[in-house]
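Asks: If you read the sequences in order, they're chains A and B. Sequential numbering from 16 applies to the first sequence in my numbering. Sequential numbering from 512 applies to the second sequence in my numbering.
By construction, these hints were calculated from the structure, which means they are not laboratory data. Some clues are possibly wrong.
Claimed, not checked - Examples of chain A residues lying across from chain B (beta carbon under 8 Å, computed): (1) V111; (2) G115; (3) D118.
Claimed, not checked - Dumping the calculated SDA-like pairs for lysine to any residue here, alpha-carbon to alpha-carbon at most 25 Å: (4) B:K574 to B:I634; (5) B:K609 to A:V112; (6) B:K609 to A:K94; (7) B:K609 to A:F64; (8) B:K574 to B:T640; (9) B:K569 to A:L44; (10) A:K94 to A:P62; (11) B:K574 to B:A626; (12) B:K609 to A:V111; (13) B:K569 to A:F121; (14) B:K609 to A:I119; (15) A:K139 to A:A38; (16) B:K569 to A:Y45; (17) B:K574 to B:N587; (18) B:K609 to B:W641; (19) B:K569 to A:I48; (20) B:K569 to A:L117; (21) B:K569 to A:V112; (22) B:K574 to B:V559.
Glycine included, each C-beta is placed from N, C-alpha and C at the ideal position.
What follows is the residue order along each chain.
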Amino acid sequence: MKPKKNPGSPDYPHLVSFVLRVALAVPFLYAAIAATLQPEAWVGFMPYFLRNIFSESLLLGVHSLMNVVLALWLLSGWKTMYAAILSALGLLAIIVVNLGALDIIFRDIGLLLAAISLALLHFKK
Amino acid sequence: MMLTLLAACSPQEQVVQETDEEPVVPEEQNAPNPTETGEEVMPAEHTVTITAAGFEPKTLTVKAGDTVTFVNENSNQHWPASAMHPTHTVYPGSDIQKCGTSEEEDTFDACRGLAQGESFSFIFNEIGTWRYHDHLQTSSTGTIIVE
């Protein structure tokens with residue numbers, strides 16, 4: 016007898032996971048490269064309370080490094096749930112800090128939901 | 512409209528063309544003289560202050576040809592520029608790529624961070640609703656409505 020399929024589970028979990036991981040990794044890598052090549056266009060997303068403590072170049076450097084690490088972690092497929100949770104937290108922070116620029120960061124809301132979906136996909140009881 | 516009237520009254524437009532062609536009189540030249548109607552013809556000047564809370568006023572309505580001056584009253588640098596971040600291309604003719612070029616003056620873009628006390632002025636000739644932002648703090652935005 017064929018086991019009853021959980022209605023919430025996808026037919027191709029590995030493929031779904033792969034697509035979601037790439038979907039998150041690509042913008043993370045893009046952001047890291049773009050922030051390095053054109054820092055003045057990205058520093059505006061950093062909140063002033065951080066910029067008044069740390070130098071802008073340091074903040075952008077850390078931001079780019081974190082993005083690269085997260086992108087590679089997601090692509091590796093290793094402990095994906097934790098990578099997805101970290102991605103979601105990072106995206107949530109970007110959205111909250113830049114709510115006034117919703118016409119720019121609205122895409123991040125989609126990415127946040129993709130990260131949550133990925134975390135749920137890899138959640139194991 | 513005001514700008515059109517001004518342009519129609521400017522000396523450049525009053526130069527007689529020495530051609531055999533029948534001169535084409537713009538429709539605006541048949542309009543009543545603004546000075547006769549008591550209508551103000553001088554472009555107005557407006558000020559938008561930049562503080563820690565952002566732009567004030569957030570929305571400003573001006574006439575075409577008016578000048579808006581953005582004054583930074585905050586200790587942090589601020590860079591008013593046309594939407595969208597980071598290209599600044601929404602206002603016609605504006606583009607961050609023009610900063611540092613001979614076309615910079617024609618762009619709705621301070622093209623640099625304004626220190627406390629510094630200002631940036633721009634003449635709005637294009638009618639429309641123009642959103643702008645602080646390039647150095649993208650969540651800070653404002654709107655100029657040009658009528």
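Asks: Confirm or reject each hint.
Replies: Status of each hint after checking the structure:
Proximity of V111 of chain A to chain B is violated relative to the hint, the smallest CB-CB distance being about 10 Å (cut-off 8 Å). Nearest Cβ of chain B to the Cβ of G115 of chain A: about 3 Å, under the 8 Å cut. The hint holds. Hint on D118 of chain A holds. Least Cβ distance to chain B is approximately 7 Å, under the 8 Å limit. Between K574 of chain B and I634 of chain B the alpha-carbon distance is near 10 Å, which keeps this suggested pair within the 25 Å criterion.
Taken as a hint, the K609 of chain B and V112 of chain A pair is broken in the structure, with Cα atoms around 29 Å apart against an allowance of 25 Å. In summary, the hint linking K609 of chain B to K94 of chain A is not supported, as the alpha carbons are separated by about 46 Å, beyond the 25 Å threshold. At roughly 31 Å between alpha-carbon atoms, K609 of chain B and F64 of chain A are farther apart than 25 Å, so this suggested pair is violated. For the hint linking K574 of chain B to T640 of chain B, the alpha-carbon distance of about 11 Å falls within 25 Å, and the restraint holds.
The straight-line distance between the Cα atoms of K569 of chain B and L44 of chain A is roughly 35 Å, outside the 25 Å bound, and the hint therefore fails. With a CA separation close to 31 Å, the supplied pair K94 of chain A and P62 of chain A exceeds the 25 Å bound. For the suggested pair K574 of chain B and A626 of chain B, the alpha carbons sit about 28 Å apart, so the restraint of at most 25 Å is broken. For the suggested pair K609 of chain B and V111 of chain A, the alpha carbons sit about 32 Å apart, so the restraint of at most 25 Å is broken.
Of the pairs offered as hints, the one joining K569 of chain B and F121 of chain A holds, with about 21 Å between alpha carbons and a cut-off of 25 Å not exceeded. A C-alpha spacing of about 22 Å is found between K609 of chain B and I119 of chain A, which places the hinted pair at or below 25 Å, so the restraint holds. A C-alpha spacing of about 22 Å is found between K139 of chain A and A38 of chain A, which places the hinted pair at or below 25 Å, so the restraint holds. For the proposed pair K569 of chain B and Y45 of chain A, the alpha carbon gap of about 32 Å is over 25 Å, so the pair is violated.
Taking the CA atoms of K574 of chain B and N587 of chain B, the gap is about 30 Å. The hint is violated against a cut of 25 Å. Between K609 of chain B and W641 of chain B the alpha-carbon distance is near 19 Å, which keeps this suggested pair within the 25 Å criterion. Of the pairs offered as hints, the one joining K569 of chain B and I48 of chain A is violated, with about 33 Å between alpha carbons and a cut-off of 25 Å exceeded. For the suggested pair K569 of chain B and L117 of chain A, the alpha carbons sit about 16 Å apart, so the restraint of at most 25 Å is met.
A distance of roughly 19 Å separates the Cα atoms of K569 of chain B and V112 of chain A; the hinted pair therefore holds under the 25 Å criterion. Between K574 of chain B and V559 of chain B, the direct Cα distance comes to roughly 15 Å. Compliance with the 25 Å bound is thereby established for this hinted pair.
Hint check: violations occur at hints 1, 5, 6, 7, 9, 10, 11, 12, 16, 17 and 19; the rest are consistent with the structure.
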